[in-house]
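> Now for the letters of each chain:
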Amino acid sequence: MHGRLKVKTTEEQQKAKQEERAKKLKLYTAATSKAFQKRKAGELDTELLEITGQVLHVNPDFYTFWNIRKETFLHLHDAKESAELQKLYRGELDFLEMCLKVNPKSYGTWHHRSFVMDHMPQPDWARELELCNLFLQFDERNFHCWDYRRFVVKRSKVAAVEEFDFTTSKISSNFSNFSSWHYRSKLLPILHPDPTQPSGIAPHVIQSEFELVQNGLYTDPDDQSNWFYHKWLLGRGEQNQRINYAYISCVKKQILVSFTKAIKIGVASCEVLLNKSKVNVTWTNQNGTSAFSTLWISFPEFICL
Amino acid sequence: MASDLPDEFDVIVLGTGLPETLLAAAFSRIGLTVLHLDRNDYYSGSWASFSLRQIPGWIEGQKKAQCYASEVNEEKLSSLLKEGERALQLPETFHTVFEAQSKYHVGERPKEEKAIPDSSPSTDESAKPDSTDTSLPPATASESGDSKIPELSGPSPTGDAETSTGIVPGQFDSAPEEEEDSKTEKREGEATGPAGEASGGKVEPAAGEQKQQREWFFEDIEKEWRKFSFDLTPKLLYCAGSMVELLIVSDVAKYCEFRTVSRVLTLRDNNLERVPCSRADVFSSKALSLLEKRLLMKFLTFAAEYDKQPDEYKGFEDKPFVEFLASKKLSPKIQYFILHAIAMATESTSTKEGLENTQKFLRSLGRYGNTAFLFPLYGSGELPQGFCRLSAVFGGIYVLTLSVSHLLVNDENKCTGVITSAGQRISCKYLIADPSYLPKDFYKVPQESRISRGIFVTDSSILSGEGEDLSLLQLPHEGQPQSPSTTVLELPPSAMVSPRHLYVVHMTRRAVSDISSDLEPAVSALFDATTPDAAESDKVKDTRKPRVLWSLHFQHRDLSAVSRSEQLPSNVFVVTGPGVELDTDRCVEEAKTIFKEICPKEEFLPKPPHPDDIIYVDTEEVPAAANDKGEWAKDANTAESSEIGDNAGGQTVEKLEDGVKKDGGEEEKDGREQGGEGVKTEADGGDLKSIEEQSKEEKKKSHGADCQAES
Numbered sequence: 001m002h003g004r005l006k007v008k009t010t011e012e013q014q015k016a017k018q019e020e021r022a023k024k025l026k027l028y029t030a031a032t033s034k035a036f037q038k039r040k041a042g043e044l045d046t047e048l049l050e051i052t053g054q055v056l057h058v059n060p061d062f063y064t065f066w067n068i069r070k071e072t073f074l075h076l077h078d079a080k081e082s083a084e085l086q087k088l089y090r091g092e093l094d095f096l097e098m099c100l101k102v103n104p105k106s107y108g109t110w111h112h113r114s115f116v117m118d119h120m121p122q123p124d125w126a127r128e129l130e131l132c133n134l135f136l137q138f139d140e141r142n143f144h145c146w147d148y149r150r151f152v153v154k155r156s157k158v159a160a161v162e163e164f165d166f167t168t169s170k171i172s173s174n175f176s177n178f179s180s181w182h183y184r185s186k187l188l189p190i191l192h193p194d195p196t197q198p199s200g201i202a203p204h205v206i207q208s209e210f211e212l213v214q215n216g217l218y219t220d221p222d223d224q225s226n227w228f229y230h231k232w233l234l235g236r237g238e239q240n241q242r243i244n245y246a247y248i249s250c251v252k253k254q255i256l257v258s259f260t261k262a263i264k265i266g267v268a269s270c271e272v273l274l275n276k277s278k279v280n281v282t283w284t285n286q287n288g289t290s291a292f293s294t295l296w297i298s299f300p301e302f303i304c305l
Numbered sequence: 001m002a003s004d005l006p007d008e009f010d011v012i013v014l015g016t017g018l019p020e021t022l023l024a025a026a027f028s029r030i031g032l033t034v035l036h037l038d039r040n041d042y043y044s045g046s047w048a049s050f051s052l053r054q055i056p057g058w059i060e061g062q063k064k065a066q067c068y069a070s071e072v073n074e075e076k077l078s079s080l081l082k083e084g085e086r087a088l089q090l091p092e093t094f095h096t097v098f099e100a101q102s103k104y105h106v107g108e109r110p111k112e113e114k115a116i117p118d119s120s121p122s123t124d125e126s127a128k129p130d131s132t133d134t135s136l137p138p139a140t141a142s143e144s145g146d147s148k149i150p151e152l153s154g155p156s157p158t159g160d161a162e163t164s165t166g167i168v169p170g171q172f173d174s175a176p177e178e179e180e181d182s183k184t185e186k187r188e189g190e191a192t193g194p195a196g197e198a199s200g201g202k203v204e205p206a207a208g209e210q211k212q213q214r215e216w217f218f219e220d221i222e223k224e225w226r227k228f229s230f231d232l233t234p235k236l237l238y239c240a241g242s243m244v245e246l247l248i249v250s251d252v253a254k255y256c257e258f259r260t261v262s263r264v265l266t267l268r269d270n271n272l273e274r275v276p277c278s279r280a281d282v283f284s285s286k287a288l289s290l291l292e293k294r295l296l297m298k299f300l301t302f303a304a305e306y307d308k309q310p311d312e313y314k315g316f317e318d319k320p321f322v323e324f325l326a327s328k329k330l331s332p333k334i335q336y337f338i339l340h341a342i343a344m345a346t347e348s349t350s351t352k353e354g355l356e357n358t359q360k361f362l363r364s365l366g367r368y369g370n371t372a373f374l375f376p377l378y379g380s381g382e383l384p385q386g387f388c389r390l391s392a393v394f395g396g397i398y399v400l401t402l403s404v405s406h407l408l409v410n411d412e413n414k415c416t417g418v419i420t421s422a423g424q425r426i427s428c429k430y431l432i433a434d435p436s437y438l439p440k441d442f443y444k445v446p447q448e449s450r451i452s453r454g455i456f457v458t459d460s461s462i463l464s465g466e467g468e469d470l471s472l473l474q475l476p477h478e479g480q481p482q483s484p485s486t487t488v489l490e491l492p493p494s495a496m497v498s499p500r501h502l503y504v505v506h507m508t509r510r511a512v513s514d515i516s517s518d519l520e521p522a523v524s525a526l527f528d529a530t531t532p533d534a535a536e537s538d539k540v541k542d543t544r545k546p547r548v549l550w551s552l553h554f555q556h557r558d559l560s561a562v563s564r565s566e567q568l569p570s571n572v573f574v575v576t577g578p579g580v581e582l583d584t585d586r587c588v589e590e591a592k593t594i595f596k597e598i599c600p601k602e603e604f605l606p607k608p609p610h611p612d613d614i615i616y617v618d619t620e621e622v623p624a625a626a627n628d629k630g631e632w633a634k635d636a637n638t639a640e641s642s643e644i645g646d647n648a649g650g651q652t653v654e655k656l657e658d659g660v661k662k663d664g665g666e667e668e669k670d671g672r673e674q675g676g677e678g679v680k681t682e683a684d685g686g687d688l689k690s691i692e693e694q695s696k697e698e699k700k701k702s703h704g705a706d707c708q709a710e711s
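Heads up: the protein sequence lines correspond to chains A and B, in order. Anchor point for the first sequence: position 56 equals 56 in our numbering, and the numbering is continuous, going up by one each time. Anchor point for the second sequence: position 436 equals 436 in our numbering, and the numbering is continuous, going up by one each time.
Just chain B, with the same shape it has in the complex (with noise of 0.2 Å):
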């Protein structure tokens, strides 16, 4: 199998996160042969996004920590350096993730429960209550174990759990909604049996959400598994900041789809509010006086081009951010907003810094309608893997579970090339890697932390509105100034990352000491730690908080800083890993820097010329032409082929920018649908999408296929 691979390349990339993988798009682009590794078996590394039942897997993975396994010798080693070379073993374990530890917060459905679908709804009424309070399993039940999913791991992954706990899945889908929302009815008082029924039939996804207050059994989160995609590292892009430039650019765009950030939440004295970032946010904002909303406008604006008047933070430079506000007589509230909720900074942060934030985030609004950012649809997992595609349409060659052992380096420092850990040698100009790859002496990190991370699955939104948003808060912690604040992004159904009604809340934070203290102050302010009994009891339906059905929490080793060292061979690049930081834009500007190193003259990620303009060579001509490798070419040609015979190129930058126009998931979905009837483009972007999402399931699959005939 060691033959499968060309001997030779221009470049090659050590794992599959966002940076390493714009350099291997950018490097494929411009034409310089590239082979992009990955040990694991699954794309974008700690960039990366698991379904439900991938986290146990990647949980036990990250506890081995093992880079590779590797099947080379001294003998064979020593038989495949050439004069003037040594070998340097990479190191074969590596810690980047501690504490892991999933869980789940609800019990198993009881067996009486499991009946009911059967029995006529109005029966339902009278019984679930019932059976909601007497029948409660016990949440401490499962929350005895460790990192491994105790006792309710039992179902096997194989589709057992269905049928083994005796629930028929298509009943049990439609029956306990109409039954939730006859109940929700009778909750508050006012409906009867009929009304309850009349109103039972159509459920609205986002008014049902805020009263309804469904029992959630592990049964019906484990049934949904596929349709959860957790981030590892979530992360939001600025609507004009430079990653989605490079997407648009690059045409990357195409390959994924976004939604926007629809609010943006403070919490003040134990009160969630809705920030008004935007003219018509502080237009329509109840929670501002008139005054108010002309000293937050005035500054807005002068934020939005403050290098242009800088007399007015003369002397505050340096300062806190706090105090060049408490000087612009901005209202208490005004200045809590726009220190925690626009800048996103601290109260040590100083004024210039605090300034730069602002602006970025001012002029991120309106390019995309009422909000600065926009999120991944299917998780932010989907960029890294959206530029490998890029990279394999212009060649590159992609192999998963498979490391580099050693490198080989020559008397001038220079690495010359890599010993696989299949035990292939191939050559090469470039390397760039993932610091996990390389020895430790490779690179400096300047200071050693961590990050504290809670992927939180809730039953609903911190703060239930008129439809789904999709919300960012940040929450300082009181009275410790230094201290860092927690990001908080709630990701609702119509970001695809979690079935209906179901909530997907990621909290990040740096560490400053365990992973349970670190997040706790955030989790008891937003989430309900009550049991289920207390909260059924709980008549003030309005200000519940939502309950957490299960968490995964971990603490990830902060790379985000980390440079190279003088050991470091020159023409290998060390690339940083995830940081706190809410954005991607600092792993663009680092690629670009990379790659203007290495091909000063080059465009980074140039716009693909149009698929009219594109002249196909005969496939019988190739094998001629690259000899040897004649396999590979056609495989690579094959792929662009029909990629870009799909996509109709230019297009699609549009098709994007049209798609994400609309503020709130809600409203793009509408769209959607009338599109079908009566407007066309939208119709033929859906189609357009369809066959993409087709191409790359095929591409996936042929992923898969290199993988399998590697091992």
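Just chain A, same shape as in the assembly (with noise of 0.2 Å):
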């Protein structure tokens, strides 16, 4: 009958569905094959790189690939120009974000490209600041990608106030997103440091960030991300300072505290009391520096009993 579509049955479907598979998975493992073949003799060269690529683009998950196109890259560095180079780990990328769309959650990917990074002659960052932006935007909330994005800004120095306002847009747009909050809570104390307190927040911005995770209480009670960030605002800690433990030797003419909490001496103070007189003693943490510590170490000059 004419007008009218002839239709493969559902037989003729599986059939051919099934020679398909078949053909598809003896293509697979003739290549797994050929590349292990490869690497056992040596032979890293971009035929390699062709083959692995060939698997990794069906199954990006086949973490020893990406070590062996790894192996290959770091190879060829040696028998490769500058400008060839970069053209390969150019290819590499694009070839990087075909893997990522078939899995955009995949370790190895992801890792892969950090590693084509740091080695690339010329990294462009700005491009994986945009990959990043773009894939958040599909899926705001893939961890992979929040750690490939922290990884991009640490390596090119993005100012940690453009990603604080980057977190805030993502955040309007669905608060329910833990790694979002997350990397607030990272980029708060670097931003708006308390000097009183290690890795500390000054209290005006706690307080704004209260106000904001408040909206979100409100807006839905039942959603976990914001209690978490309502939690780690909270409980900043406020534990009481005490001296765990003091140990002073005379033999060694040294004294040790260990305090609850970590402190900065010089921003606060600890004396030594002998015999109801005030001992002039300095202080240095474990590390020999006065960063905040919870360790305290002073070389006196007087003599014990």
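The hints are simulated quantities; they were obtained by calculation from the structure and are not laboratory data. Heads up, the beta-carbon is just placed ideally off N, CA and C, and yes, glycines get one too. Only true hints are included.
Short derived list, chain B residues pointing at chain A, Cβ under 8 Å: (1) Arg279; (2) Ala280; (3) Val282; (4) Arg294; (5) Met297.
Join the two chains, each given in its own frame, into one complex according to the hints.
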């Protein structure tokens, strides 16, 4: 009958599908064994990249192959000119994007991307940040991408305030987003440090963050991510400062003090009284610096009784 | 030419409006032979979208309201009749559109203006404000006329417009923008010459829009006539509604593109506000207090599943929704938001209906981002065309500018066939028709009513925001709770219905009196009525209302509630016309019901087979099998193979879903641009689209050829 499409029956369909699968499997195993052979023979060349690429495109979670690729690239560093390498790495980035579309949450793929960016002669970090924006637009909760973003930010030295604004925009489009809140908690101590505490945040900023998260709590009290952040804001450890342990050695002429909370002597003070009279001592932490620490050491000049 | 069409079809469909096309597609899809006719030379009938230059022709056509010019005389007619048949003549005229009137609200570009693009930018800045003050063409000059565009339509639609007015298009395109931008800066009183120039290079369409107060002239608008697409019947799609489901299941989604309605607005105390509808909106809304946020969310959570908690609204079922909202101790602001923007109800709506509407709205949220509605890019007229295309892919035959002059009815009051306006007898088993094709006693109209429609081209958004928003606004008429509200739909350039910087605003209201007074309250509330002179001197730019540059008004006969009458032959089905409602889901249900009645055992528009699963029949075999229909069959077959071959079948649904997921046109565009560089699927999608676009055009052309063959 004209005008009517003839459609394959389900048996025909299944048969065709099976044949297709068998064909694909054959290709896949052939490529896999070829790649291993070549690696054994030490033939780390562009052909090997080609073969592993075909497999990884189908299955980006095959981490051994990502490692083979890394080996190959490192090997090619000796053989190729910088311009040639740049081109090769550029191609690798395009290839990685294809793989990320197959599985945007593949550890191996994102890790390999960091490797490529670190080894490329002229990495384009701005483009990577754009890529992160795009992936986070498709799925704002892809923590693999958030991780990679932090890597990019670290390498290209993006200002913390820009990143902070980015998290704000992500949160306002969907506040149910652990990654974004978490990132905020990491950025705040950099942006608004509190001089009296290690990784502390200025009190007025805590207040405004509190107001922000409150909006979320009132909008949806059942959403966990708000409460997590809320807890983090509140639980910024108002633990009492006490001395856990103090050790005084006359032989070594040494005083060791362990506190329950990290302090910074210089901002806070720690005095030693000997027979009710104050002794001048200089404190350093266990690393010999004056950064926040729970352990402080002094080598006083006085002699034990 | 009469012999060009086969003499027999399973189903003949009259009219290419949405319900008809759904049915035509559904019948072709299960293998019935379908002949789909439209008396117009365009698709979609009352659901069509037109470019700027098509409007005058359409207005003229509606005045004549001629259905067909019959070539059939008595003698010929009797020769075509079979025994026991009688011929029923169909109406020769039918009025669906009244008082149609289009008007330009801008003047022609004055002479001295035309010289400006040639001079240097620095003199422009100083020259422009002067010239705008002195040389403003009186807007009234263009308002004197009636439906026909007065003097202004002088330039004939052959493209003379550009040349006769002496504008060099290329120069003009780029120059005024830079000029405008620096002008804007100047107005703000902070930019000096160089700064103005520096920022003048790149115009951000969205940001520029807010402040820019460009002077528009007739030529600017007329020049871009192709870029306008005016919907006679603008419709939205509920993201989780039955139309979206149908588009996905039937694969018609691959013929269309969509954009989200990015904001729902309300007008309270002369103040336009964005309504927080979703979680994200409520979270980031500054208009609501913390307590209001909780109350609103609590109510919305309840309304999303109200049917599971009947105790909550016990006793209120038939009482007005307003009373129910008041009983929930919601603040007046939230009550207003829910009533008008979310439930889109009036003060007389019952609680049950209000809750139903709210639920439908809420269920549609979140599917394609932060919105409950989609709008088809290039206009609502794309939807019927998409289904026509599906029908054609499965062998449906389309002829435009062909109608039916007589129905053939036998003793049992069954329709056996039709006589086309070209005088050919075609037999059919079923006939589907838009009421405007049928005699008046074939259908019942419960209550004669009209829909008042206004279409406006404006120079800015009614509420400027960060990006290009597509806005929906329900405007109740204060102090008249029983009076129908006006639905306002503002489409930005990214909806692909207008050129850059221009907005298209649709107003729809159930008619109360005449066209101008029906829409007057909404027009005066939203648009700037002052003359350009006064607007120019208005220093407070933020509160500036958009100015109307072009408008079209008409009233449409409401045939959305027609039902069949006893006189209607049992195998003839009458479908409804467009109504005032916002969405198209009613059409889907209607088409399904009629389809089930005719083919109770068949599935309504099932998913087409995957292209890989289609076995192509050799073209040589076909004529042998189909005898006299050979030629048509071949045509249909080639259409199938080319189209299905081009499209990657199953993937396309995902494509739609990915594509629309993003909120707002701005982002979407970004995504696509980046797609070109980085992410490949997006780029693939683009290519696919362009191929589709191409084949679509070819399709249209081939239809055109069909029509020519007919006439």
